[in-house]
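Colleague: Below, each chain spelled out in residue letters.
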Amino acid sequence: MVSSTATEPAWLAGARDAARATYETLPVPTNREEAWRFTNLRGFDPEGFEPHPGTLTIEGDPAGGVAFGSLARMVAERPELIEPHLGSVVSGDEKFAAGNAARWADGVLLHVPAGVEAGAPLRAALELTAEGTALYHRVLVVLERGARATFIEEFSTAVPGYLNVVVELKVADGAHLEYVTIQNHHPETRQFGTHRATVGRDASLEWIAAAMGGTRAKSRMESYLADRGASVKVTGAYHLTGREHVDYDTTQEHAAPDTTSDLAFKGVLDERSRAVWRGVIRVDKGAQKTDAYQENRNLLLSPDAQATPIPGLEIEANDVRCTHGATVGQVDAQHLFYLMSRGLSRREAQHAIVRGFFEPVLERIGSETVRDSLAAALDARIG
Amino acid sequence: MAKTDLTPEETQATALGDYKFGFHDDVTSFFRTRRGLDEDVVREISAHKQEPEWMTEYRVKAYRHFVERELPRWGADLSVIDFENIYYYLKPVEEQAKSWDDLPPGMKETWDKLGIPEAEKKYLAGVGAQYESEVVYHNLQKDLADKGVLFLDMDSGLREHEDLVREHFGTIIPYNDNKFAALNSAVWSGGSFIYVPPGVRVELPLQAYFRINAENMGQFERTLILVDKDAYVHYVEGCTAPIYSTDSLHSAVVEIHVAEGGRCRYTTIQNWSTNVYNLVTKRAVAEKNATMEWVDGNLGSQITMKYPAVLLKGQGAHGEVLSIAFAGKGQHQDAGGKITHMAPDTTSVITSKSISKDGGQASYRGLLQVNDGATGSRSKVVCDALILDEDSRTDTYPYIDIKENAVDIGHEATVSKIGEEQLFYLMSRGLTEEEASAMVVSGFIEPITKELPLEYAVEMNRLIQLQMEGSVG
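So the sequences go chain by chain: A and B.
According to the numbering used here, the first sequence is numbered sequentially starting from 1.
According to the numbering used here, the second sequence is numbered sequentially starting from 1.
Hint data in this document are derived by calculation from the structure and do not stem from the laboratory.
Each hint should be verified, as a subset may be incorrect.
Simulated restraints on C-beta separations [what the hints assert, rightly or not]:
hint : chain 1 : residue 1 : chain 2 : residue 2 : range
1    : A       : N31       : B       : K121      : 50 to 60 Å
2    : A       : E117      : B       : K329      : 50 to 60 Å
3    : A       : D372      : B       : K450      : 47 to 57 Å
Here the structure is a predicted model, which means the values were calculated and not measured.
Every residue, glycine too, gets a C-beta built ideally from N, C-alpha and C.
Build out the structure end to end from the sequences listed, making use of the hints.
Modeller: As structure tokens, then:
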């Protein structure tokens, strides 16, 4: 399935073999595991999906020694940029991450040398094109000291399939990364992803994730604030209808003092859709002066929609400020009435309220290009 | 509980600071089952109590489930509990006393030290005092008895009101609810049985006091409270135990049914010694326009896992959980609350305050669920944690599961330390750092203490102050 296996370097072939062995010993998770309690995989057999490459489009040709392109091609051309990092952020001790490490066919490498600014946003678009197939996609982003980059990735499927994604983000001291993923899936597509970032001293990460569908999709999004002064801002938006189901596991781990994290997920749920968000702020021993925040806000448009926010705090330092909030609510009848009294139809009024609900999410985003991309995706979805 | 006159020898210093209830009495028990548990022990307990056949069979069924059921895989580590090293039934005296003076001298002394007889005189409508497995003293004010209020130990309840007990026992917390509910259902003994007739308001609290005296003791009291239409009762429980080097187990089941328009408040001030594993299941059903309030204070024990629950079953029902946890050295307080909105226009509030110090771990674990059809439900959950030093830990896990859109649900939590400005201000007014810290902590838990009857609020503040001693250096 991986055409280049025969020509792959030994280190990569060895890593794949080890991951394959782990993958084969791990069962498909069941509801009995806490992390999968609300996402039922009964009847899902990852082996029932034939791997197929899909279409990967990579746009942007940055200068300044920035390496940006197909991960498979880069393994051949620039192995020295990949070998030290691949698998160093996301470990393959979980079923789907192990499957990805064993089977990834292609993906994206973004490597920005120390002190370099990559300039205009870099983009990649991945589409699963053949019905009933599997696509194993791997992303490695390495920003060396003081580097800066913006990277926007879009995942889409027009037909049902299975997408397995692993994203590793390494943001070295003083670097700044803006990373955006927008999912737009066929309602029967399954996507399982592990995304993890390590953020160094005085470095910052702005991370935006938007989900516009996909059934039984589960994303782990972990930020590891490794050194003093690191900061992370994570923004999530989802808009689901039908029987779509999205499950997020977010972690903000503060491993060093004077670190800041701020996470906000907002979602609108219509018809029979369901969103699960489990967020943990973890403050390790000695990570004094941590400032951490997390929130999850849900707007339910239908009596059959379901929201399950599970915020969590695990704090082992005493000089900290950690706060979280979670809400579930409905469209305010008064707002609706007001808008309708101004001549809007019920549908238009509801649209305006939903759009307004997402406004604070958009306002969190610093870069105008990114904000516009997300706003366009939301508008297309809300209809 | 309000007054304790102890000699210095009786006041043993413990990890908590001064734990004043750590003494034990040399009371020879009247009867006890052998160490450990099997089906024969379960049958022996039932036979000794001369129970009806259905209860014996219920116990056996529960025991079999207990054996099969796994320990919970979340929360505190319970794998250290040695179920074979525990005495499951220990009857201290042959007969329940109607007067404190009828108790054996050593035992009476215990109750005097705990201040129970005195409290009864001053501000309680009724008292039940459980020592090991049995309620050794029980009394209810006559005017309440005349109004039809029942306040008995559970064993007497079963004997004297079998039909009522049979109708409700195990209906709110079935024996297969969890491993410890199964254990309690198999070996239960003592606890309270309360019935408040329609429209009757019990203005003064009823109190039950639970005392473990023996080593390696398992106390499994069982409480059933039935509050009829438009009735009101406030039930208060306190608990202490001596300090031993080996562990004891306390595993209670409390079931409460509040009928239409009724109100029940259940207050716990748990102050077990730090060798007690406290694993308790408490759940109430609130019918139409009924109110159920849990005030749950956890100060003692080595490990507590307890999440008082309210099922809001009738339209307009209201549920509240006020939880306070104090985790000192070697303690893990895994406390919280659960509310399930099952009917329209139901409302709930959960307020949790936890404090951890000297390496203690305090966890809030909660569930807020809104079922299909519970339109117009409103709920607010607020959890605040205070960590007093860098060796301590606090966790917050508030599960929220909403299956209905016409709702308004909010949750907030914060974790912080004692503000330096607050300390500085109080110290500038002449307080020592220790006094200032204790005052800040008392202020922090005030939303809970202000809900307690005055005597208990005073006691709670005193306990907090004791536990704060030596906290700053």
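Colleague: Could you run down the list of hints and mark each one as holding or not?
Modeller: Hints and how they fare:
As the Cβ distance of N31(A) to K121(B) is approximately 55 Å, the hint placing it in 50 to 60 Å holds. In this structure the supplied range 50 to 60 Å holds for E117(A) paired with K329(B), their Cβ-Cβ distance being about 52 Å. Range check, D372(A) to K450(B): about 52 Å between beta-carbon atoms, so the 47 to 57 Å window is met.
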